Amino acid sequence: MDSIDDIQRALKVAETSSGLVKQIDDILNIFRPYKPEIRKFRIDYTDKSSEIKYLLQMPSGIRRQTHRTVELPARTGFKIDEVLDLDTTEMLDIDFDTTGNKWIVNTSKFPGSERFLVTLKGNVSDHLLKRLVSVDCAANPTFKEEEDFYWIHSALKDVSILEKLWHDLNIDRVHMDVRIGVDRFFSSAIPKDISARFEAQAKLLNAIASGQRNIQHLQLDYRRRRAQSRISAAELVDIFTKMVSGEFFRSYIQVDEPFKVGMIEPFRQFTSLVPERVKVGVRTDLDFKMPAVKGNLRFKRKRYEESVTEMIDEYK
Amino acid sequence: MSEINVLSEYIAPWALPKEDIPIHLVWESAFNFDTIQIDLPEDMILKEFFNVNSCDTKGQTINIQSLKSGNYFGFVTSTKNIFEEYHVTRDIHVKFIKKDEVIFTKIFRANIFRPYVTVQTPPTEITITDTSRFNDLLHINLKLTGFGKITLHSEVITGGEFQTKNAPLFQEILINVLTTFHDGGLEFEDKGIKINPEYIESQTEKYIEKIKMDGLPSAFEEALITEFRDWVGDESNRSELMNIVSKSLEGLLVQSILFHLERYPETNVSMPKGRPSITMEKVTEQIRMKFRYEDAIGNEYEQIPINITVINKTTKPLREHKIPVNIIWEIERLDPWRYMSNG
Chain A
1 MDSIDDIQRA
11 LKVAETSSGL
21 VKQIDDILNI
31 FRPYKPEIRK
41 FRIDYTDKSS
51 EIKYLLQMPS
61 GIRRQTHRTV
71 ELPARTGFKI
81 DEVLDLDTTE
91 MLDIDFDTTG
101 NKWIVNTSKF
111 PGSERFLVTL
121 KGNVSDHLLK
131 RLVSVDCAAN
141 PTFKEEEDFY
151 WIHSALKDVS
161 ILEKLWHDLN
171 IDRVHMDVRI
181 GVDRFFSSAI
191 PKDISARFEA
201 QAKLLNAIAS
211 GQRNIQHLQL
221 DYRRRRAQSR
231 ISAAELVDIF
241 TKMVSGEFFR
251 SYIQVDEPFK
261 VGMIEPFRQF
271 TSLVPERVKV
281 GVRTDLDFKM
291 PAVKGNLRFK
301 RKRYEESVTE
311 MIDEYK
Chain B
1 MSEINVLSEY
11 IAPWALPKED
21 IPIHLVWESA
31 FNFDTIQIDL
41 PEDMILKEFF
51 NVNSCDTKGQ
61 TINIQSLKSG
71 NYFGFVTSTK
81 NIFEEYHVTR
91 DIHVKFIKKD
101 EVIFTKIFRA
111 NIFRPYVTVQ
121 TPPTEITITD
131 TSRFNDLLHI
141 NLKLTGFGKI
151 TLHSEVITGG
161 EFQTKNAPLF
171 QEILINVLTT
181 FHDGGLEFED
191 KGIKINPEYI
201 ESQTEKYIEK
211 IKMDGLPSAF
221 EEALITEFRD
231 WVGDESNRSE
241 LMNIVSKSLE
251 GLLVQSILFH
261 LERYPETNVS
271 MPKGRPSITM
281 EKVTEQIRMK
291 FRYEDAIGNE
301 YEQIPINITV
311 INKTTKPLRE
321 HKIPVNIIWE
331 IERLDPWRYM
341 SNG
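Here the protein sequences line up with chains A and B, keeping their order.
Using our numbering, count along the first sequence one by one with no gaps and you end on 316.
Using our numbering, count along the second sequence one by one with no gaps and you end on 343.
These are computed hints drawn from the structure, not numbers from a lab.
Owing to the predicted nature of the structure, the values given are computational and were not obtained by experimental measurement.
A hint or two may mislead.
Claimed, not checked - Footprint (simulated), chain B over chain A, 3 or more residues, beta carbon under 8 Å:
no.: 1; segment: 29 to 36
no.: 2; segment: 109 to 117
no.: 3; segment: 171 to 185
no.: 4; segment: 233 to 245
no.: 5; segment: 304 to 315
Note that CB positions come from ideal geometry on N, CA and C, so glycine has one too.
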């Protein structure tokens, strides 16, 4: 593993515009008395967080007495998450200053071991994530008999800054949203008799609202149609809402390895009560061994359409 | 010279005109080369590189001098324009060069598809008589072919005014509330509204605020509106008002569902303003209208103009009238997989 000087040389070469590089350099200076080595660097794309594991040498002799505390100012953008005693493999119970200004580790309270693995956690900006990773998916699906297909792709864009420092960079949970239009499934699933009844209901409402006097025929028409189909508008909207919930929608989605299905949430315009699209989150991990990944998201369209129709039929 | 061992290669299998097309190539690191040359077709542009450190460009040829790290590279490309054809292919040549010799070539084939809307036997005239049913007067047959979703907009240039609808939200609920206030209103089915009660409550609050602030529909008599305003302003009526508004949501849901049906009339077609209709104040001789459509990423395609001569055979003067435009859709979806299998 690189020594601190190697790392700092690499940092100088790296583009200094990256706030992350500056933050890491600051931390290295703070840990300098303990000969820090970076053991793992991980970025979580979904959380926009980063995690760095530093190996610190802290022999219980003179160095601990002259450097009793390690202070990590909040401005570094990182906080100490955990400290592992590598000799006993036990997690240390460490007190941190909680004032929010700095994170202080009192090394005199450390056990007699020599090597400790300190995990720091920090945030990563959207700007940096965009520089690191590319995500793309099809705007329109293609179809094969019963399924719709959306291509999905992700690749590391520019990891040179990070590769100079860490040989085992991981960018986890790289996330993208595939938008699946469900608008039409609801339109086509509403039986003609139900939409005719709603039309009769709307006509009657409008007639009353515009002060029409002769509305008996509209009332009659509405009552007749209501007798034929009992499902209410509220029940219909309720069915649609259920059918776009993540829990329900998930079983109609499949993604190719190494992608995984993440969060699923419905999307509708503020002005509409009927959902129009479902946002399906897709995740993958990227690293130097797998810098680019490809695949398809499959939506079981036919089965979904059948389920919508079945659910509406149950109410009739 | 070692041979390349490709670990992963990719080009997005289908795309719309101007849509981003990612491409990548990953190989085993033991492969030596000096430069990589990309030959892009004339009508394509390079939008972004993955893992490329330095390159130079001459026309549509890009020479990659060095990679930032490792044994992969990629880029994002797209076509510059939209096409006349439903489907076009473009070949992108990637060559690995060592000592001025091409040691490996990979051809990536891009498949570009577009949607297409045409009007089938456009109507040229309509005749208005004393017994005309305006709802049934104007029919236009549109055909959607090609690939992907479209959003259709309609405009009237002369001969009337296009009536655009907005989502039935405030106006509708207000009409319902006033109606209920006016004459006890409709008998709502008491099945209980099952949509999120918090949503109902927050919407109800919003409507009440708006009712207090905004103009009320002019269709109602002045005296009723004044009475209604006073009643709304009286805090002791609040719970009853809440009750009426939330009951009226049933009416709102009906409107919302009907509007949804108009907005999404066919597979792959959306009409954000619902079914269009033309409002004419007097009988004009010509209706000039046009349809515009765009694809899923906002590319606009050729406009479809429609000119209709209006023949007036009425014996009485006509008041303002509304002519709905009934669009009859024919959908013929192109199956991209048939075109891509040889790609």
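To see whether the hints hold, each was checked on the structure:
| no. | hint | in the structure |
| --- | --- | --- |
| 1 | 29 to 36 | violated (count 0) |
| 2 | 109 to 117 | violated (count 0) |
| 3 | 171 to 185 | holds (count 3) |
| 4 | 233 to 245 | holds (count 7) |
| 5 | 304 to 315 | violated (count 0) |
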